[in-house]
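*Asks:* Okay, here's what each chain looks like letter by letter:
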Amino acid sequence: MTDACAAYCVLDSDACLPEGLTGVHGGIVQNLPYRGIGVAVSPLAGPVRDIVAGAVQHETVVEWLMERYTVLPMRFPTVLAGQEAVLALMSQRFDSFCASLRRLRHHVEFGVRVLWPATQRSAAQARVPAAHEPSGTQYLRERYGRYRCNQALREQADQFGRKLDAALSEFVTAKKLRRAAADAFAFEGVYLVDRDKGAAFRQALAEVRRAEPDLEYLLSGPWPPYNFTIG
Amino acid sequence: MDDTMATEKDVTLLELLDRVLDKGVVVAGDLVISVADVDLIYVGLRVLLSSVETLERLRGAPLTDGFSEPTP
Chain A
1 MTDACAAYCV
11 LDSDACLPEG
21 LTGVHGGIVQ
31 NLPYRGIGVA
41 VSPLAGPVRD
51 IVAGAVQHET
61 VVEWLMERYT
71 VLPMRFPTVL
81 AGQEAVLALM
91 SQRFDSFCAS
101 LRRLRHHVEF
111 GVRVLWPATQ
121 RSAAQARVPA
131 AHEPSGTQYL
141 RERYGRYRCN
151 QALREQADQF
161 GRKLDAALSE
171 FVTAKKLRRA
181 AADAFAFEGV
191 YLVDRDKGAA
201 FRQALAEVRR
211 AEPDLEYLLS
221 GPWPPYNFTI
231 G
Chain B
1 MDDTMATEKD
11 VTLLELLDRV
21 LDKGVVVAGD
31 LVISVADVDL
41 IYVGLRVLLS
51 SVETLERLRG
61 APLTDGFSEP
71 TP
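Going line by line, the protein sequences match chains A and B. Numbering (this note's numbering) for the first sequence: 1 to 231. Numbering (this note's numbering) for the second sequence: 1 to 72.
Each hint should be verified, as a subset may be incorrect.
[As the list claims (entries may be wrong)] The calculated label-pair distances, taken between Cβ atoms and stated as ranges, are:
1. A:ASP14 with B:VAL26: 18 to 26 Å
2. B:LEU14 with A:ARG49: 19 to 27 Å
3. A:GLU155 with B:VAL26: 30 to 38 Å
4. B:VAL26 with A:ASN150: 27 to 35 Å
5. A:ARG162 with B:LEU14: 19 to 27 Å
6. B:VAL26 with A:ARG68: 21 to 29 Å
[Claimed, not checked] Interface residues of chain A toward chain B, partial, derived using beta-carbon atoms under 8 Å:
7. VAL10
8. GLU59
9. PRO73
10. LEU89
11. SER220
12. TYR226
[Stated by the list, open to error] Computed list of chain A residues with no C-beta within reach of chain B, every gap over 12 Å:
13. ASP14
14. GLY36
15. ARG146
16. PHE160
17. ALA167
These are calculated hints, taken from the structure and not from any lab test. All of these numbers come straight from a predicted model, not from anything done at the bench. Just so it is clear, CB atoms sit at the ideal spot from N, CA and C, and this is done for glycine as well.
Okay, chain A solo, but in the shape it has when bound (with noise of 0.2 Å):
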């Protein structure tokens, strides 16, 4: 028999953690070193059936050791046969993370969404009822309205996003921005950012909303660098 792991993250320290540190299903969440980095890993006793609350206890424990160390977050579920599966891992990978744990220390990710007023949302998603029986010409002008309406609101999105990226990049050391579905977010991004930036980064994107307040901002963070962990 094989015992199943549910590993974390890698981190930055051979070192052992506490025995109050639990993870999935309550197991013990123990560190397995390796020359000098580790590995964080819990006994995984059977299936996850809740894929939400194993989602959160994933993420609990490595906040827990993003507070102490640089971590390189895995996804979740990642499950690996045994010990010796971690440390076959960690022997194939090892300078692939030792690379990555140099260029994240001391970063943390925060994640920024902007939307459009509600109003404005609406009236992009509106679809127009159709006729019954809706001519040719109907049709289009329906299509060309809305697609007007789209390209409209993709054409400020974009300036709002320069606008936006130009005022937050000083304080951020790597970015991936996306493009949004224009008529729901004017804005999405990730940012990897200096803790020791983090407030001055706060503070840039707030000053940005207090030039465009009609506009509903999302900031969360700060995360482990999930987005990031792939240089």
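Go by the hints and put chain B onto chain A.
*Replies:* What follows is chain B alone, placed relative to chain A:
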């Protein structure tokens, strides 16, 4: 910054799931593991749940936990 802009850890579940299920280090490869002497096939460490919509679609399906039911 006021209440409408989230500050420290605005942990919406969506933001969390978007990261934990879709990002992070991916350990590629399939493994067969055994729990309580019953072989369970782990159907892919490369679990690519790309969005919360995917999650919702998969909820309740046995494979979302990463294990398949043992074959008789």
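*Asks:* If a hint holds in the structure, say so; if it does not, say that too.
*Replies:* Structure-based check of each hint:
1. The hint said 18 to 26 Å for the Cβ distance between A:ASP14 and B:VAL26, and at roughly 23 Å that hint holds.
2. Checking the proposed 19 to 27 Å range against B:LEU14 and A:ARG49 shows it holds: the Cβ atoms sit about 21 Å from each other.
3. For A:GLU155 paired with B:VAL26, a C-beta distance near 36 Å keeps the hint of 30 to 38 Å intact.
4. A hinted range of 27 to 35 Å for the beta carbons of B:VAL26 and A:ASN150 is consistent with their spacing of about 34 Å.
5. Against the hinted window of 19 to 27 Å, the Cβ-Cβ separation of A:ARG162 and B:LEU14 comes to about 26 Å, which satisfies the hint.
6. At about 24 Å, the beta-carbon gap between B:VAL26 and A:ARG68 stays in the expected band of 21 to 29 Å.
7. The closest approach between the C-beta of A:VAL10 and any C-beta of chain B is roughly 7 Å, which is under the 8 Å cut-off, so the hint is satisfied.
8. Taken as an interface hint, A:GLU59 checks out: its beta carbon lies about 5 Å from the nearest beta carbon of chain B, inside 8 Å.
9. Checking A:PRO73 against chain B by beta carbon gives a least distance of about 4 Å; that is within 8 Å, so the hint holds.
10. Here the hint on A:LEU89 is kept, as its CB sits about 6 Å from the closest CB of chain B, short of 8 Å.
11. Because the beta carbon of A:SER220 sits about 5 Å from the nearest beta carbon in chain B, less than 8 Å, this interface hint is met.
12. For A:TYR226, the shortest C-beta to C-beta distance to chain B is roughly 4 Å, which falls under 8 Å, so the interface hint holds.
13. With a least CB separation of 18 Å from chain B, A:ASP14 remains clear of the 12 Å interface cut-off, as annotated.
14. The Cβ of A:GLY36 lies farther than 12 Å from every Cβ of chain B, with a closest approach of about 18 Å, so its non-interface assignment holds.
15. In this structure A:ARG146 is separated from chain B by more than 12 Å, as the shortest Cβ-Cβ distance comes to about 22 Å.
16. Its beta-carbon lying about 16 Å from the closest one in chain B, A:PHE160 satisfies the requirement of being farther than 12 Å from that chain.
17. Against chain B, the non-interface label of A:ALA167 holds: every CB pair exceeds 12 Å, the least being about 14 Å.
No hint from the list above goes unmet by this structure.
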